[in-house]
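The working numbering puts the sequence shown at residues 519 to 680.
FYI, nobody ran anything at the bench for these hints, they're computed from the structure. Glycine residues also receive a C-beta, built at the ideal position from the N, C-alpha and C atoms. Check the hints yourself; a few may be wrong.
[What the hints assert, rightly or not] Here are the in silico distance ranges between beta carbons for each label pair:
| # | residue 1 | residue 2 | range |
| --- | --- | --- | --- |
| 1 | D538 | M642 | 26 to 32 Å |
| 2 | T653 | A600 | 36 to 42 Å |
| 3 | D541 | N594 | 46 to 52 Å |
| 4 | F536 | K589 | 39 to 45 Å |
| 5 | S533 | M642 | 41 to 47 Å |
| 6 | N594 | P553 | 32 to 38 Å |
| 7 | K639 | R579 | 17 to 23 Å |
[What the hints assert, rightly or not] With a Cα cut of at most 27 Å, we get these calculated DSSO-like pairs of lysine-lysine:
| # | residue 1 | residue 2 |
| --- | --- | --- |
| 8 | K544 | K639 |
| 9 | K654 | K639 |
| 10 | K529 | K544 |
| 11 | K544 | K654 |
| 12 | K535 | K639 |
| 13 | K639 | K582 |
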Amino acid sequence: MAVKKEGMDIKRFNSTKFTDRTDTMKVPELAPFFPEGAEPVLILRGITGEQALTANEAADRSSKLIALAEKLSGGNQEAATAVAEALGVAGKQTPAEFSRRVELLLAGSVTPVFDRQSALKLAMNYPTVFLAATTKILNLTGMGRVPGKPQGSGETPASVSP
Numbered sequence: 519m520a521v522k523k524e525g526m527d528i529k530r531f532n533s534t535k536f537t538d539r540t541d542t543m544k545v546p547e548l549a550p551f552f553p554e555g556a557e558p559v560l561i562l563r564g565i566t567g568e569q570a571l572t573a574n575e576a577a578d579r580s581s582k583l584i585a586l587a588e589k590l591s592g593g594n595q596e597a598a599t600a601v602a603e604a605l606g607v608a609g610k611q612t613p614a615e616f617s618r619r620v621e622l623l624l625a626g627s628v629t630p631v632f633d634r635q636s637a638l639k640l641a642m643n644y645p646t647v648f649l650a651a652t653t654k655i656l657n658l659t660g661m662g663r664v665p666g667k668p669q670g671s672g673e674t675p676a677s678v679s680p
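Modelling step: build the complete structure from the supplied sequences, incorporating the hints.
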């Protein structure tokens, strides 16, 4: 008699609690910015599907805003530049991949938590660390979040002797 193989247990999947997949990344280049004696590491995490797609959309945002500025200006280049400046996208075009990776670092940094200013400063001054960190975030994301074990009902109370 052949053993029947079942498909995915969607009920168990839906009831599972997941936690972020995290990992550390040694960054000896950044040692001057850590307390003396502390190991220079970043803690990074995989991001959700929604966060990954938000990062992908960031890559298109600048070019779309520039196109919008040109349309709003009615073909007047001076007006287009003024509108682009008001939207914060004037000047040289930022590479789409750069915008995407900044968003990845913003979403996937745990310790320290990078804000936009610090992410841009890291990219400018330590580009290899920036690229390695965002690649690690992508790798962690690809591995998925960590499924947890079913939660127990709590601690078992100690028995009381009469």
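Status of each hint after checking the structure:
no.	hint	result
1	D538 with M642: 26 to 32 Å	28 Å, holds
2	T653 with A600: 36 to 42 Å	38 Å, holds
3	D541 with N594: 46 to 52 Å	51 Å, holds
4	F536 with K589: 39 to 45 Å	43 Å, holds
5	S533 with M642: 41 to 47 Å	45 Å, holds
6	N594 with P553: 32 to 38 Å	54 Å, violated
7	K639 with R579: 17 to 23 Å	20 Å, holds
8	K544 with K639	18 Å, holds
9	K654 with K639	19 Å, holds
10	K529 with K544	39 Å, violated
11	K544 with K654	11 Å, holds
12	K535 with K639	36 Å, violated
13	K639 with K582	25 Å, holds
Hints 6, 10, 12, counting from the list given before, are not met by this structure.
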